[in-house]
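Quick note, the sequences are listed as chains X and P, same order.
Residue numbering for the first sequence follows numbering that gives the first Met the number 0, beginning at 0 and increasing consecutively.
Residue numbering for the second sequence follows numbering that gives the first Met the number 0, beginning at 0 and increasing consecutively.
Keep in mind the hints are simulated off the structure, nothing from the lab.
Among these hints, one or two may not hold up.
Said to hold, decoys possible - Covered, in the sense of this in silico footprint (three residues per stretch, anywhere, with C-beta under 8 Å from a C-beta of chain X), are these stretches of chain P: (1) 20-32; (2) 45-55; (3) 97-104; (4) 147-158.
Glycine included, each C-beta is placed from N, C-alpha and C at the ideal position.
Number of protein chains: 2
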Amino acid sequence: MDDTTAARLPALATFRRSTGACRWEGVDEHAYKEEGSAPFRAITRRVLFGDPRLSCELRYFEVAPGGYSTLERHEHVHGVMILRGAGTCLVGDEVRAVAEHDLVSIPPMAWHQFRAAPDAPLGFLCMVDIARDRPRLPTEAELAALRRDPAIAAFLDGG
Amino acid sequence: MDDTTAARLPALATFRRSTGACRWEGVDEHAYKEEGSAPFRAITRRVLFGDPRLSCELRYFEVAPGGYSTLERHEHVHGVMILRGAGTCLVGDEVRAVAEHDLVSIPPMAWHQFRAAPDAPLGFLCMVDIARDRPRLPTEAELAALRRDPAIAAFLDGG
Numbered sequence: 000m001d002d003t004t005a006a007r008l009p010a011l012a013t014f015r016r017s018t019g020a021c022r023w024e025g026v027d028e029h030a031y032k033e034e035g036s037a038p039f040r041a042i043t044r045r046v047l048f049g050d051p052r053l054s055c056e057l058r059y060f061e062v063a064p065g066g067y068s069t070l071e072r073h074e075h076v077h078g079v080m081i082l083r084g085a086g087t088c089l090v091g092d093e094v095r096a097v098a099e100h101d102l103v104s105i106p107p108m109a110w111h112q113f114r115a116a117p118d119a120p121l122g123f124l125c126m127v128d129i130a131r132d133r134p135r136l137p138t139e140a141e142l143a144a145l146r147r148d149p150a151i152a153a154f155l156d157g158g
Numbered sequence: 000m001d002d003t004t005a006a007r008l009p010a011l012a013t014f015r016r017s018t019g020a021c022r023w024e025g026v027d028e029h030a031y032k033e034e035g036s037a038p039f040r041a042i043t044r045r046v047l048f049g050d051p052r053l054s055c056e057l058r059y060f061e062v063a064p065g066g067y068s069t070l071e072r073h074e075h076v077h078g079v080m081i082l083r084g085a086g087t088c089l090v091g092d093e094v095r096a097v098a099e100h101d102l103v104s105i106p107p108m109a110w111h112q113f114r115a116a117p118d119a120p121l122g123f124l125c126m127v128d129i130a131r132d133r134p135r136l137p138t139e140a141e142l143a144a145l146r147r148d149p150a151i152a153a154f155l156d157g158g
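With the sequences and hints as input, model every part of the structure.
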């Protein structure tokens, strides 16, 4: 390795080992969001790649059994891969069961939420642009409109 | 879903299921590179997320037992997660065994190569900026310099 390269080594360690069950050396667990800022339950966040020389981040979210992410939408898109466990997700007007390695694309302004199964965690990778807009929560009218679909209402009720 | 959202749905299906063993519905296998353009052996490429509204792509590469990616370097960085199997990789002047869910960060201009174990495939996710420079191959002098490290020489010889 030449001096130029050495001078530019990142703060991130080159190698970070998995310690099993979707945990890693040198990767800290964070709160999903600020408590009380939006509805969610039993979900954690880890940044696997947050290198300023990349235009995207790769995060790992894990929802404990019975937990869920915030129901929200935004202009930016998400590329998601389920990494662990099982659950259900809502994207736009579709509700689907998801399991290990399934891919989920979240288009601009599509309502989305991830829910873990009652008896399994749901862990997923999420690739997202570093420069992105803030998520928006549904108004009461928007929530009522979503609930008109029985499949979505059952999903939102954890059914 | 309102009309604005519907009009902007992506070409990518929202849900693409894993069919097991790191294969997916709606994800095609591609040649790793143009044959003869650079040294490599027994490696395939899949683009899991190549959405033009994301600044990065998420690719899945799979090296068959005994195969290897091209030894190369470039200014852009890679964020890698091993998804399947086992192998060894060189980054800069480090050679490390890697296994499922290990994370590898490839800094700018660090020589790197991935080699599958003799008896297992090595499958990995690689997040990369869509706008990026072309990989450069080592000159004979650069290769000789790398080989001065016995661990790197053994790695390059598949040892």
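Against the structure, the hints come out as follows:
1. Given a C-beta distance limit of less than 8 Å, the hint that chain X covers the region 20-32 of chain P holds, as 3 residues qualify and 3 suffice.
2. Beta-carbon proximity to chain X at under 8 Å applies to 7 residues in the region 45-55 of chain P; the threshold of 3 is reached and the given coverage holds.
3. For the region 97-104 of chain P, the proposed coverage by chain X is satisfied: 8 residues have a C-beta within less than 8 Å of a C-beta in that chain, meeting the threshold of three.
4. Residues of the region 147-158 of chain P lying with their CB closer than 8 Å to a CB of chain X number 0, which falls below the three-residue condition for coverage.
Going through the hint list in order, the structure does not satisfy hint 4, though it satisfies all others.
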